[in-house]
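Number of protein chains: 2
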Amino acid sequence: MIYQTAILQFSKMLKNLLAILDKGAKSAEDRKFDVGVLLQSRLAPDQFNLIRQVQVLCDTAKVCAAALANKEIPSHPDTEQTLPELKQRIETVLSYLSTFSAADFANAQERRIARPRWEGKHMSGEEFLLQHALPNFYFHFTVAYEILRHNGVSIGKKDYLGELPYQK
Amino acid sequence: MIYQTAILQFSKMLKNLLAILDKGAKSAEDRKFDVGVLLQSRLAPDQFNLIRQVQVLCDTAKVCAAALANKEIPSHPDTEQTLPELKQRIETVLSYLSTFSAADFANAQERRIARPRWEGKHMSGEEFLLQHALPNFYFHFTVAYEILRHNGVSIGKKDYLGELPYQK
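One line per chain: the protein sequences are A and B, in this order.
Quick note on numbering: my numbering labels position 15 of the first sequence as 15, and the sequence is numbered without any gaps.
Quick note on numbering: my numbering labels position 99 of the second sequence as 99, and the sequence is numbered without any gaps.
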């Protein structure tokens with residue numbers, strides 16, 4: 001289930017995010033303002049703007065996969081300023097996530113996870129996924145979504161969830 | 001891991017939400033306005049207000065647990081208007097979640113989940129949890145958090161995540 005969560009579901013959500021950002025661009029074009037206005041928007045003055053929300057979201061997915069599979073974490077310099085650059089950042093993470101297989105997470109649940117800012121402390125892979133990575137990923141995703149929604153972009157729950165695997 | 005996610009982690013987040021709502025009440029009191037203003041606030045005119053976000057969040061947790069364990073879903077009439085009533089609603093769900101044990105989810109991953117509005121279609125328990133319940137739960141939680149944050153309540157990522165299980 002770790003592979004399903006940290007790779008397949010996160011990848012699905014990142015694709016949903018690409019589509020949502022495109023709807024933001026279309027809305028800006030229709031309403032005759034620069035999409036950069038949306039990229040620079042935030043929901044509170046002391047909270048990250050849309051660009052930074054997406055960067056953090058990308059890092060959450062990347063770090064989650066790498067830490068649980070005990071691999072090197074690729075570095076991204078957070079230099080994105082435009083929508084194409086931001087979408088490229090998302091594509092880069094999608095491409096990175098696609099290099100993982102279920103076997104990479106064979107020992108992930110019990111793996112000891114440590115992060116630089118944790119000052120030498122650690123938690124298990126399962127704790128890291130459920131209590132840290134998952135809530136953080138959806139937090140930044142939802143804030144990015146809400147920045148657009150708050151600014152009048154016509155998106156809804158279906159854009160957020162994406163296609164659901166209904167069977168007859 | 002289903003019990004850890006749908007019961008333990010959701011319960012933890014609901015307790016975080018109780019604390020966040022209390023911070024909202026304190027902020028309203030300090031700034032001399034009725035907390036009802038926050039409860040009626042929303043981030044977009046055609047989106048749910050804070051009360052409704054919390055109600056849907058509560059239902060998402062309740063339905064997730066009941067459906068995955070194949071139990072009857074208790075009904076709640078969505079009549080909450082005040083902060084004490086809203087907190088009571090959350091307490092009711094916390095109490096309901098506490099009746100579950102890990103054994104209740106022994107067959108949850110492969111269980112066929114169907115919901116009234118799905119028009120006879122279904123998905124597996126794992127798909128339901130990862131692609132429906134989890135993203136929905138964190139969506140409504142984050143929107144509730146952001147409604148307060150947008151209205152100047154001083155809360156941060158630690159209030160959202162709660163205590164993390166760091167070990168030395």
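To be clear, the hints were calculated from the coordinates, so they are not data collected in a lab.
Just so you know, these numbers come straight off a predicted model, no measurement behind them.
Among the clues, some could well be false.
No more than 27 Å apart at the CA atoms, straight line, and that leaves these computed lysine-lysine pairs for DSS-like [to be verified]: (1) B:K62 / A:K62; (2) A:K12 / B:K121; (3) B:K121 / A:K168; (4) B:K62 / A:K158; (5) B:K12 / A:K62; (6) A:K157 / A:K23; (7) B:K157 / B:K168; (8) A:K15 / A:K121; (9) A:K121 / B:K157; (10) A:K32 / A:K15; (11) B:K62 / A:K157; (12) A:K12 / B:K12; (13) B:K15 / A:K71; (14) A:K121 / B:K168; (15) B:K168 / A:K62; (16) B:K121 / A:K15; (17) B:K15 / B:K121; (18) B:K23 / B:K71.
So, going through the hints one by one against the coordinates:
no. : hint            : in the structure
1   : B:K62 / A:K62   : violated (31 Å)
2   : A:K12 / B:K121  : holds (21 Å)
3   : B:K121 / A:K168 : holds (5 Å)
4   : B:K62 / A:K158  : holds (21 Å)
5   : B:K12 / A:K62   : holds (25 Å)
6   : A:K157 / A:K23  : holds (14 Å)
7   : B:K157 / B:K168 : holds (22 Å)
8   : A:K15 / A:K121  : violated (33 Å)
9   : A:K121 / B:K157 : holds (19 Å)
10  : A:K32 / A:K15   : holds (26 Å)
11  : B:K62 / A:K157  : holds (19 Å)
12  : A:K12 / B:K12   : holds (26 Å)
13  : B:K15 / A:K71   : violated (34 Å)
14  : A:K121 / B:K168 : holds (5 Å)
15  : B:K168 / A:K62  : holds (25 Å)
16  : B:K121 / A:K15  : holds (24 Å)
17  : B:K15 / B:K121  : violated (33 Å)
18  : B:K23 / B:K71   : violated (34 Å)
Violated hints for the displayed structure, listed by number in ascending order: 1, 8, 13, 17 and 18.
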